[in-house]
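**Student:** Chains as they are written, first to last, in the UniProt record's numbering: chain A, 1 to 269; chain B, 1 to 269; chain C, 1 to 269; chain D, 1 to 269; chain E, 1 to 269; chain F, 1 to 269.
For the record, the hints were derived by calculation from the structure and aren't laboratory data. Warning: the hint list may mix true and false statements.
Some chain E residues judged to face chain A by a derived CB distance under 10 Å, without partners named [as the list claims (entries may be wrong)]:
1. 2
2. 54
3. 195
4. 197
5. 199
6. 201
7. 218
8. 220
9. 221
10. 225
Keeping only pairs whose Cα atoms sit at most 27 Å apart, straight-line, the calculated BS3-like set for lysine-lysine is [as the list claims (entries may be wrong)]:
11. 104/F <-> 254/E
12. 254/D <-> 104/C
13. 254/A <-> 104/E
14. 254/D <-> 254/B
15. 104/F <-> 104/A
16. 104/C <-> 104/B
Just so it is clear, CB atoms sit at the ideal spot from N, CA and C, and this is done for glycine as well.
Listed here are the chains, written in short residue letters.
Protein chains: 6
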Amino acid sequence: MASNIVAITGAAGYLGRLTRRHLSRPSRQLKLLDIADMGPAGERETLIRSSLTDADAVARLVTDADVVVHLAADLSVDDWAGVLASNLEGTYNVYEAARAAGVKRIVFASSHHIAGMYPSRVVTDTLAPHRPDSLYGLSKGFGEDLGQYYWDKFGLESVALRIGSARPAPIDPRERYTWLSEPDYCRLIDACLTAPRVGFTPVWGVSANDGVWWDNRHAAHLGFAPQDNAGDHMPAPAPLDAAAERLLVYQGGKRSLYRLAESADERLA
Amino acid sequence: MASNIVAITGAAGYLGRLTRRHLSRPSRQLKLLDIADMGPAGERETLIRSSLTDADAVARLVTDADVVVHLAADLSVDDWAGVLASNLEGTYNVYEAARAAGVKRIVFASSHHIAGMYPSRVVTDTLAPHRPDSLYGLSKGFGEDLGQYYWDKFGLESVALRIGSARPAPIDPRERYTWLSEPDYCRLIDACLTAPRVGFTPVWGVSANDGVWWDNRHAAHLGFAPQDNAGDHMPAPAPLDAAAERLLVYQGGKRSLYRLAESADERLA
Amino acid sequence: MASNIVAITGAAGYLGRLTRRHLSRPSRQLKLLDIADMGPAGERETLIRSSLTDADAVARLVTDADVVVHLAADLSVDDWAGVLASNLEGTYNVYEAARAAGVKRIVFASSHHIAGMYPSRVVTDTLAPHRPDSLYGLSKGFGEDLGQYYWDKFGLESVALRIGSARPAPIDPRERYTWLSEPDYCRLIDACLTAPRVGFTPVWGVSANDGVWWDNRHAAHLGFAPQDNAGDHMPAPAPLDAAAERLLVYQGGKRSLYRLAESADERLA
Amino acid sequence: MASNIVAITGAAGYLGRLTRRHLSRPSRQLKLLDIADMGPAGERETLIRSSLTDADAVARLVTDADVVVHLAADLSVDDWAGVLASNLEGTYNVYEAARAAGVKRIVFASSHHIAGMYPSRVVTDTLAPHRPDSLYGLSKGFGEDLGQYYWDKFGLESVALRIGSARPAPIDPRERYTWLSEPDYCRLIDACLTAPRVGFTPVWGVSANDGVWWDNRHAAHLGFAPQDNAGDHMPAPAPLDAAAERLLVYQGGKRSLYRLAESADERLA
Amino acid sequence: MASNIVAITGAAGYLGRLTRRHLSRPSRQLKLLDIADMGPAGERETLIRSSLTDADAVARLVTDADVVVHLAADLSVDDWAGVLASNLEGTYNVYEAARAAGVKRIVFASSHHIAGMYPSRVVTDTLAPHRPDSLYGLSKGFGEDLGQYYWDKFGLESVALRIGSARPAPIDPRERYTWLSEPDYCRLIDACLTAPRVGFTPVWGVSANDGVWWDNRHAAHLGFAPQDNAGDHMPAPAPLDAAAERLLVYQGGKRSLYRLAESADERLA
Amino acid sequence: MASNIVAITGAAGYLGRLTRRHLSRPSRQLKLLDIADMGPAGERETLIRSSLTDADAVARLVTDADVVVHLAADLSVDDWAGVLASNLEGTYNVYEAARAAGVKRIVFASSHHIAGMYPSRVVTDTLAPHRPDSLYGLSKGFGEDLGQYYWDKFGLESVALRIGSARPAPIDPRERYTWLSEPDYCRLIDACLTAPRVGFTPVWGVSANDGVWWDNRHAAHLGFAPQDNAGDHMPAPAPLDAAAERLLVYQGGKRSLYRLAESADERLA
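Input sequences plus hints: build the corresponding full structure.
**Tutor:** If you want it as structure tokens, here you go:
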């Protein structure tokens with residue numbers, strides 16, 4: 001698939017900066033959008049400073065793009081107004097503008113929080129019903145349904161990356177299971193840009209960690225083959241203390257526990 | 001489950017009026033909300049004329065209610081602003097107010113349009129991934145995810161009624177498959193109010209029509225046993241003309257075809 | 001299959017008496033065993049008064065039998081010594097004697113309590129893992145595993161009847177779902193005696209009640225077609241009070257709740 | 001779907017004559033082919049006396065047809081030369097001619113013998129792998145694969161009727177399960193001609209008999225609702241003698257047993 | 001999870017000695033039980049010489065323990081009295097004492113003989129129905145059902161280790177598939193002690209051998225990642241002689257063949 | 001399994017020569033058949049120059065053989081006469097002769113073209129329904145059904161190798177996914193000759209390539225463990241041009257596209 005012009009939303013964030021760096025090459029134009037400062041424009045880069053709620057700015061961003069990597073989101077757990085504006089309306093704006101502009105494919109940063117209320121002892125594939133752990137996770141479910149809809153109705157393709165814990169190195173016992181290394185993230189982006197036909201494909205964005213409870217069998221055609229294992233970047237496992245253990249009961253970690261009713265906790269855990 | 005006080009949103013609509021009539025009995029208080037005129041209040045009825053976007057009005061509605069039957073929605077196919085306000089924000093307001101008020105169960109009028117882009121030759125159960133046919137259908141997917149979330153996180157139960165074609169009698173060949181009779185709708189409401197523990201349960205709201213392509217096996221515990229069959233209310237099937245046939249290719253009928261890209265139509269049909 | 005000589009254990013119990021009556025016919029010998037009084041022997045009847053733990057008595061019972069209907073059991077919820085003796089050792093004695101005597105088929109009265117800890121909102125088929133609700137239910141799981149083992153290893157066939165609530169008429173709201181009528185029990189026994197090849201087949205012993213959460217698809221080859229519906233023998237459903245509702249949360253009813261730890265109750269319900 | 005011109009192969013056989021009678025109506029042309037005598041042509045009927053191996057005759061038959069009902073076959077159990085000519089080559093000729101002529105849909109008389117080596121205690125749906133019981137059954141597997149292929153590659157639709165025991169009335173204990181009544185056959189043909197979009201759909205052609213071990217869930221969209229039950233046309237079930245019982249061990253009855261190696265019989269039964 | 005005090009049954013056996021050695025560390029108390037001599041007690045070790053049928057001894061063993069590793073069993077294939085006493089009654093005693101003492105988790109040595117009558121050409125996961133190959137295997141099925149029951153009813157967690165062929169090195173062609181190395185056994189024990197929430201989880205205890213027919217997908221959350229491969233400890237595969245081959249037809253090897261009826265052998269193999 | 005005498009059809013072709021070389025050893029007789037020149041016979045080799053349609057020659061070939069490796073086929077995409085003669089009749093001749101001669105096992109070269117019309121984004125296991133991409137692929141479906149039939153009816157075992165792209169090295173971007181290396185082919189042949197009991201087992205013949213969309217879980221018992229990865233023999237993936245991409249849309253590559261109707265292409269892709 002052509003990827004000569006790639007538009008990126010959320011370019012000032014951690015994954016945005018990594019994506020910008022990784023995708024930069026002589027034959028490619030990058031168009032970048034963020035509400036925050038993105039630094040100076042490089043050669044072959046166009047910067048648009050704007051919120052996603054400005055539909056005109058979004059339309060300018062995606063014009064002529066072959067692919068859109070849509071990373072921007074309000075990450076707060078539970079702020080309805082922010083989720084509504086950035087994640088529901090913003091993502092709708094991106095899809096609708098991309099459709100109008102004839103974009104071929106969207107790479108959408110979904111999240112494992114779309115399934116955060118599954119206990120981690122339930123191995124979960126990408127066809128299992130959504131069980132979001134927060135308003136944030138709910139908005140990612142809406143974004144994936146949008147991706148399915150734009151593919152079914154308009155033939156606009158999407159890959160939805162259900163990102164685990166993206167970080168230079170794992171930082172706590174939970175990330176032994178959920179870590180996504182930077183090289184593996186880059187491999188995933190490459191897979192998204194080169195896979196021949198994806199329709200709407202959700203995929204767990206996670207490294208080749210031992211004991212990972214996410215099952216990518218339905219995304220095999222992407223050819224995503226992670227190489228890193230969190231266990232190689234951490235000390236050997238010891239019995240966990242109660243707090244660390246508790247963060248591993250649900251797939252969504254801290255977000256799963258946020259405001260969790262005691263009766264629901266007992267029921268699910 | 002106690003259902004001495006039942007709150008109903010969308011009480012002025014077709015299903016709203018039917019529900020109001022059906023649930024009226026000496027031992028029960030009804031609290032009704034609509035943006036349109038609901039006629040005079042009966043005994044044991046409280047009327048609130050308001051939009052769902054008025055969170056205070058919604059809070060007043062659900063106070064003290066045992067159950068909320070949430071029927072109100074913007075039914076237009078593809079009006080993003082209306083969907084955002086009424087169906088996304090409005091449904092969030094209902095769930096959040098119900099949680100705060102300690103309501104036990106919500107009966108949520110979802111829709112078969114949550115799955116409207118499945119071809120009708122694919123038998124579909126209630127665990128299959130959403131494939132909405134419209135912004136309307138997308139908003140129902142969001143509402144069902146909300147129901148799952150409020151159950152998982154807060155222990156608030158929901159039944160999501162994926163209503164087919166609710167109408168006094170079937171009116172076209174498609175409704176041979178999709179019709180929901182009034183008595184069967186009432187049976188379904190009764191099941192929602194008496195079933196002992198539902199967690200979050202989606203259920204197809206459809207009569208016992210021959211050839212129905214919706215599979216309710218995962219909702220058996222509701223005890224919903226429809227008695228009507230559209231075929232008894234229609235002439236025997238004849239070969240369909242092309243237009244009638246086309247409306248039967250996708251599960252969502254007309255909404256599935258609305259703005260459908262030609263290439264997508266070929267692919268899915 | 002020949003059923004000229006049928007041996008019955010537990011012949012003095014409710015189902016034992018019903019089975020004895022139903023199977024009586026001129027061309028057939030009945031051999032009956034119980035630890036309790038079985039009344040006088042009819043023509044073509046042999047009575048053996050004994051416990052199942054007397055392996056010699058059991059061997060005498062099954063000698064020459066074509067089929068054994070094994071109904072005897074200690075029904076107490078939670079009496080380990082009784083369960084060990086009557087249900088574990090007793091059932092082992094029946095299978096081992098039947099194998100030695102060349103019996104062709106055993107009809108084993110298992111119980112729905114083999115799955116009593118499934119919430120009733122989980123539709124359950126006969127291949128789902130056992131989730132017993134009591135020591136009694138555990139012993140039925142052992143009995144079904146015995147049936148599988150004697151078929152796999154020795155070619156001795158079994159049907160395991162997972163009996164719901166067998167009774168002349170349904171007596172409480174729970175039995176709207178779980179009732180097994182006498183005529184349907186007799187139909188089931190007939191199916192067990194005439195079905196051509198059953199290997200080891202478990203089957204839910206339940207009438208054609210609305211909303212039954214037990215799925216018999218894997219036993220279709222038995223040709224068991226129940227005709228009764230508890231709903232025809234009860235008043236229309238009303239909202240349940242809390243106690244009735246609670247008995248419907250788990251598939252095993254009262255046995256599921258017996259000694260149930262509060263934390264487990266919250267988790268499962 | 002238009003069915004103004006219907007071509008029928010095998011028109012002189014039992015199902016051919018029934019189909020001819022059932023489909024006859026003022027607005028429709030019938031084109032009939034058989035190698036045997038079909039009697040005199042009626043109004044609006046064209047008769048072609050020919051074998052299916054004559055590709056030119058087959059081409060003449062399907063010209064201008066909207067639908068082809070392909071019933072002709074060599075029914076012998078195990079005659080390789082006959083199967084090769086009539087069922088493999090003949091069916092290929094029908095599909096290839098239909099494609100060339102722009103026919104919209106083929107109704108293909110497949111057979112339950114495509115799955116005849118499944119034990120009857122294994123409930124079987126239409127997606128299960130083929131397990132033919134004879135060269136005849138093998139040829140039906142080839143015919144279904146042809147139907148899948150012509151749909152996938154050329155967009156030519158098919159329904160494959162896996163006919164049980166089609167006969168005016170059931171004649172032996174096995175047909176209690178496998179019988180297809182004449183009215184139900186006609187209902188099935190009607191469903192094949194009126195269903196809006198079938199792609200390639202296999203369907204068990206069997207009446208609504210108790211204990212039927214064939215599962216039509218994946219063909220629900222055809223709207224085929226059989227009304228007859230073999231049990232209403234037969235005396236109540238009695239214990240079967242060994243010969244009748246043996247014919248019920250495999251789904252294919254007598255054909256399953258034909259030349260069956262003793263070791264295979266032990267293994268499968 | 002805390003594992004400061006670990007109780008081990010069967011401490012004098014092969015796995016018992018290995019477990020004792022592996023779990024020994026300065027911060028931990030070990031309480032050991034066996035009917036055979038366990039050698040001298042080390043520091044921080046308590047030894048109890050007793051049979052499992054002595055409920056008082058078992059109660060003393062588990063008092064204050066955080067975890068119980070229950071390895072003791074009668075290993076004879078087919079000794080009903082021994083199985084009844086050691087494996088049924090003994091395991092019941094362990095669970096009941098652990099519940100009374102407030103133990104958090106039991107690691108139960110189940111066995112692959114719980115599924116030994118599956119042909120080895122049937123890939124088997126941990127949710128498949130039990131198919132025991134011996135009275136020994138039957139008793140392991142009872143033990144797993146106990147584990148499920150104590151979790152469902154009382155919230156006492158278990159991991160059931162379905163141990164393959166645990167041995168320092170593989171000794172015959174069958175163990176190319178079924179071998180469990182000592183380091184992998186220790187990794188599995190570590191996983192059982194550190195995994196955050198296991199409920200009732202069965203897991204195949206087998207190394208990372210090529211061609212292993214046991215599927216651990218439902219136990220992914222344990223984080224058990226075996227590192228050894230029997231193939232690295234054996235010569236390259238040669239065509240097997242008939243005796244070696246026969247031992248590989250069923251999953252249970254020699255136990256599967258013990259007393260196997262010829263007709264059953266033909267049917268299953 | 002004994003493999004002292006191995007018969008090979010298609011011995012002059014690429015895989016035939018590789019097989020002949022790989023299987024040659026002092027203790028083994030090879031019997032080779034091809035219609036083309038096979039070069040001089042080695043020691044312990046018998047050569048038969050013949051077409052598969054000569055049933056007598058085939059009978060001579062398989063006499064006394066322990067195993068037949070059946071590789072011969074007409075490889076042309078769409079030549080009905082050739083497919084009929086070589087692949088349908090020829091394969092029937094091989095099975096029927098092998099049965100008559102008491103051969104124990106057939107290794108049949110099936111092809112991934114049996115499933116070539118699945119989009120490559122659908123992960124496909126060996127139980128999924130056939131979706132052939134050509135008359136060639138159709139004939140492989142017939143051959144696999146023959147293998148199932150001869151196992152079910154006569155106890156003659158088969159492994160069906162669904163060969164991907166067998167070649168010394170991968171030659172285009174598609175083969176990154178579909179390549180089968182020569183060493184891995186030889187490993188697969190070894191597995192077919194040493195696996196203890198295979199019944200009828202289909203297996204994808206493909207190396208351990210990243211992103212392979214074929215799932216071999218149901219063939220785990222063969223113990224086939226491929227070691228090569230096409231990615232190690234090719235440059236890193238770059239965005240594909242449109243032509244390369246198009247060849248990756250369907251599992252069958254070029255054969256899937258051959259004569260593909262535009263409407264079907266849109267529908268499936």
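**Student:** Would you mind marking each hint as holding or not holding in the structure?
**Tutor:** Consistency of the hints with the structure:
1. 2: Holds. Min distance 7 Å.
2. 54: 31 Å, violated
3. 195: Hint on residue 195/E: holds, closest Cβ of chain A at ~8 Å, below 10 Å.
4. 197: 5 Å, holds
5. 199: 6 Å, holds
6. 201: 7 Å, holds
7. 218: Holds. Min distance 6 Å.
8. 220: 5 Å, holds
9. 221: 4 Å, holds
10. 225: Holds, about 4 Å.
11. 104/F <-> 254/E: Within the cut-off at roughly 23 Å; holds.
12. 254/D <-> 104/C: Status holds; Cα separation ~23 Å.
13. 254/A <-> 104/E: Holds - the C-alpha atoms of residue 104/E and residue 254/A are around 23 Å apart, at most 27 Å.
14. 254/D <-> 254/B: 50 Å, violated
15. 104/F <-> 104/A: 54 Å, violated
16. 104/C <-> 104/B: 54 Å, violated
Hints 2, 14, 15 and 16 from the list above are not met by this structure, while the remaining hints are.
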